[in-house]
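Top to bottom, those sequences are chains Y and H. Note that UniProt numbering has the first sequence beginning at 1, numbered continuously upward. Note that UniProt numbering has the second sequence beginning at 1, numbered continuously upward.
Worth flagging that the hints you see were computed from the coordinates, not collected in a lab. Bear in mind the structure is a predicted one, so any value in this text is a computation, not a measurement.
The calculated DSSO-like cross-link candidates involving lysine-lysine, where the alpha carbons are at most 30 Å apart (straight line), are:
1. Y:Lys334 to Y:Lys433
2. H:Lys58 to Y:Lys217
3. H:Lys227 to Y:Lys334
4. Y:Lys433 to H:Lys227
5. Y:Lys241 to Y:Lys299
6. Y:Lys241 to Y:Lys308
7. Y:Lys241 to H:Lys58
8. H:Lys227 to Y:Lys340
9. Y:Lys340 to Y:Lys351
10. Y:Lys241 to Y:Lys217
11. Y:Lys351 to Y:Lys241
12. Y:Lys433 to Y:Lys340
Label pairs and their calculated CB-CB ranges:
13. H:Thr161 to Y:Asp244: 37 to 45 Å
14. Y:Asn409 to H:Asp115: 32 to 40 Å
15. H:Arg231 to Y:Glu86: 31 to 39 Å
Glycine included, each C-beta is placed from N, C-alpha and C at the ideal position.
Listed below, chain by chain, are the residues.
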Amino acid sequence: MDGTKGASVDDARNTTGARPSSHARRQFLRTGAGLAGAAAAGAVLGRSGPAAAVEADPANLPPNVPWWSKYLGDGVEAAPYGLPSEYESHVVRRNVRWLTATTESSVNFTPIQDLHGFVTPNGLCFERHHAGVAEVNPVDFRLMINGLVDTPMVFSMEDILRFPAVSRFHFLECAANSGMEWRGAQLNGVQYTHGMIHCVQYTGVPLRVILDQVGVKPNGTWLMAEGGDASGMNRSIPLEKALDDAILAYAMNGEMLRPANGYPLRLVLPGWEGNMWVKWIRRIEVGDQPWFAREETSKYTDLLANGKARYFTWEMDAKSVITGPCPEKPVLHKGINQIKGLAWSGRGTVKEVHVSTDGGRNWMQARLPDPVLPKCLTCFNAEFEWTGDEVLLQSRVVDDTGYVQPTMNALQQVRGVNSIYHNNAIQTWLVNKTGEVENVRLG
Amino acid sequence: MSVLDKSWDKSWDKSWDNSWDHPWARTVARTVVAGALALAVAAPAAAPVAAFELDPGKTYDLGRPATPEEVDGWDIDVHPDGAGAVPGQGTAAEGEALFMTHCASCHGEFGEGVDRYPVLFGGEGTLDSHDPVKTPGSYWPYASTLWDYIYRAMPFGQAQTLTADQAYALTAYLLYINFVIDDDEMVLSHETIGDIEMPNRDGFIPDDRPDAQPATLCMTDCDVATKVVGRARIIDVTPDDDSDAPGISID
Numbered sequence: 001m002d003g004t005k006g007a008s009v010d011d012a013r014n015t016t017g018a019r020p021s022s023h024a025r026r027q028f029l030r031t032g033a034g035l036a037g038a039a040a041a042g043a044v045l046g047r048s049g050p051a052a053a054v055e056a057d058p059a060n061l062p063p064n065v066p067w068w069s070k071y072l073g074d075g076v077e078a079a080p081y082g083l084p085s086e087y088e089s090h091v092v093r094r095n096v097r098w099l100t101a102t103t104e105s106s107v108n109f110t111p112i113q114d115l116h117g118f119v120t121p122n123g124l125c126f127e128r129h130h131a132g133v134a135e136v137n138p139v140d141f142r143l144m145i146n147g148l149v150d151t152p153m154v155f156s157m158e159d160i161l162r163f164p165a166v167s168r169f170h171f172l173e174c175a176a177n178s179g180m181e182w183r184g185a186q187l188n189g190v191q192y193t194h195g196m197i198h199c200v201q202y203t204g205v206p207l208r209v210i211l212d213q214v215g216v217k218p219n220g221t222w223l224m225a226e227g228g229d230a231s232g233m234n235r236s237i238p239l240e241k242a243l244d245d246a247i248l249a250y251a252m253n254g255e256m257l258r259p260a261n262g263y264p265l266r267l268v269l270p271g272w273e274g275n276m277w278v279k280w281i282r283r284i285e286v287g288d289q290p291w292f293a294r295e296e297t298s299k300y301t302d303l304l305a306n307g308k309a310r311y312f313t314w315e316m317d318a319k320s321v322i323t324g325p326c327p328e329k330p331v332l333h334k335g336i337n338q339i340k341g342l343a344w345s346g347r348g349t350v351k352e353v354h355v356s357t358d359g360g361r362n363w364m365q366a367r368l369p370d371p372v373l374p375k376c377l378t379c380f381n382a383e384f385e386w387t388g389d390e391v392l393l394q395s396r397v398v399d400d401t402g403y404v405q406p407t408m409n410a411l412q413q414v415r416g417v418n419s420i421y422h423n424n425a426i427q428t429w430l431v432n433k434t435g436e437v438e439n440v441r442l443g
Numbered sequence: 001m002s003v004l005d006k007s008w009d010k011s012w013d014k015s016w017d018n019s020w021d022h023p024w025a026r027t028v029a030r031t032v033v034a035g036a037l038a039l040a041v042a043a044p045a046a047a048p049v050a051a052f053e054l055d056p057g058k059t060y061d062l063g064r065p066a067t068p069e070e071v072d073g074w075d076i077d078v079h080p081d082g083a084g085a086v087p088g089q090g091t092a093a094e095g096e097a098l099f100m101t102h103c104a105s106c107h108g109e110f111g112e113g114v115d116r117y118p119v120l121f122g123g124e125g126t127l128d129s130h131d132p133v134k135t136p137g138s139y140w141p142y143a144s145t146l147w148d149y150i151y152r153a154m155p156f157g158q159a160q161t162l163t164a165d166q167a168y169a170l171t172a173y174l175l176y177i178n179f180v181i182d183d184d185e186m187v188l189s190h191e192t193i194g195d196i197e198m199p200n201r202d203g204f205i206p207d208d209r210p211d212a213q214p215a216t217l218c219m220t221d222c223d224v225a226t227k228v229v230g231r232a233r234i235i236d237v238t239p240d241d242d243s244d245a246p247g248i249s250i251d
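If we strip away everything but chain H, and leave its shape as in the complex, we get:
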């Protein structure tokens, strides 16, 4: 134990004496503020305005209505039940060819993922294991998310170049290789995407934090483990000039 507890206490006492939290300081501060307020009241038209508390619902003549064409061009999202889906359709068989052309160079011909790019199939039964594999088949709760994400953000570096039909076909292909649908000629469309039942549909629970809270707030002689059982220095994946070591990734 290298800390001198007594000197610690003293240094804290000293800082407390100088602190604005000291009761004396608070009294001074209150007096000053009270004086300033008295002046403000005495002077007419000096009261500050808390704008956002005073004018709820206030409208300004700013902005303009969006045209239906403008909304159609940008409103591309879809809900899990299919609400809002952009019209279109496609099959897994069509999607396979598109996948080879637009997706396989990163995600692999079978969705296995090249280098560190995301794996898009498999992983069933791994979520409670030490090394979970989270894919559309093993993890994603809704098929709508696949379509939404492909249409808005894929291929990486060429976002929003696919047609709605292509996005439906690619979604169908991913559902097919993940055994969610078993017919590669089944037509997936804006009318049916909300009907797909994903394997991990019920795998999610709402936020139930706060958690991991101690029963009491211990300050002295706490019963905690203080043995060093892991050292980042030994794992040695911290970047320096010449290392590109693999580590536990966040992505």
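Pulled out of the complex, with its shape left as it was, chain Y reads as follows:
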């Protein structure tokens, strides 16, 4: 830190001085937030270990009166669209450069270690594009429905917004979430191992309402959803799913979709792999057979050890993960600690979550705070007493179909290590004797 900045910070924290100038305040926020951010990053990433915990400034602690208790803050015109506190600047999406050839056909990760409850803030929902973010002017948006229908039709966004709507909470998980972990513990952070997921309240028109407008012919048994971006993403969907719970959604968490999430219209297929939730959807064709497009042959097919591959693996099976402690969130204190995490199932509703502190030898019931919704992220929590010894933390979910989240060894025995997709194995975190948390594989 140079002398100028140091002086500004001192002025800003002077308990007898005048209100800091806006310049000084900006400097304070910048340097203060920067320092806090750096220290916090060290702590949350677990690289510096628990010793890197941020220390409070005595000038802001009792009996001193902190500066924010004396001076006016920003007025209501400062932020027409608000942003998080600067002290939360580490809570961001992150990517892994080596995963993909380009950033336009790539993925980033939701910082689930820093989130609370089951709703993901819109600006933190992970992104997965195959040709970058399409910037669609809703005035120019058209949805075409053709194929085996009575009347091929075109709808504008104005049309779409005049249909009756539903609002539902659902998780969206990329089929490749945890895909880098098939062969072993590879990425040291829950954001990277489990962050290709988000959960928001989607609002839109049930797909079957739209299909009723065009009249599906009796031999129409499959739909092809096609995106309006430069990847022209196309996937085959059985008609039953469309008539069940599929939604053409235009809003997430109360506001219109973000461009990265398909603005102005995307498909929502509750419980099914994220690839099928076609963004910027431009067309739905009704047919009598599936299409076997690139994204359901070359990709999103699951290679087994014998060289055969499963296709149309649509449902995301029951899965859970502990989001604290985790590699980004070391155990800082001996004694009582809270375990928190997320559980979900694409086949139904979370029924129970079990937590182990000894690598799966013994399990205990976790609490499931309300609400517990179908095909939606579900929070769980539990306590454990840390004595300073090594601990192997795991969580395991059971859904209301009776499905039990499997171990990695059980999955590998059936599937081998080359499936890429649909890794819903139990995750193990090793809390070592310094309180750092590591992604480990047990054998």
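Dock chain H against the given chain Y, drawing on the hints supplied.
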């Protein structure tokens, strides 16, 4: 073992006492709901409407018919049997020149893939190995998918700039370098693309999950391996400020 099992049990008991799952809480909740329902019934015209259960098949005067020209412009998909294929034709010999111009800068002159861009040939016999190479020749079940994907999404960054004839020629070239067809003058067209037999045509099975399920749900003294055999920290490919280490890719 750092967990005090007894205190764990107690904390769970406490939370149970406070939970809305407690039978007492449920009774209260039911009473409240029943009261609300009674009021609703007493008040006329207050019943909520479950719109999507009540009006199946309901139509609204929204949207408009699509013209044949509009459908032709956007309807570009093709089925494995060739149904729906956009009219056109091309040969592998024509496709080779197009490939050098439009594709080789990413996929390599022989489809070998530059940097991390996809490899487009080879890989036969590797699918059951430790390091499978999944290409159109070794993995893709249908030639129609090649045409469909090239026509809708390639070249990367210049999608839907190729003509249907160019897409057929490029498809023929990829089939040729993968030894699926052996005549570089063979004409591939909308009429013949459904006849191509891909090597891995029978390599796929329908989803047969759920799988990997335990025989019983073990809660105590479970027979599981708890030795640490792998640590992400040692592999060290997690992003930080200055590393761009190679790892196992998803793409």
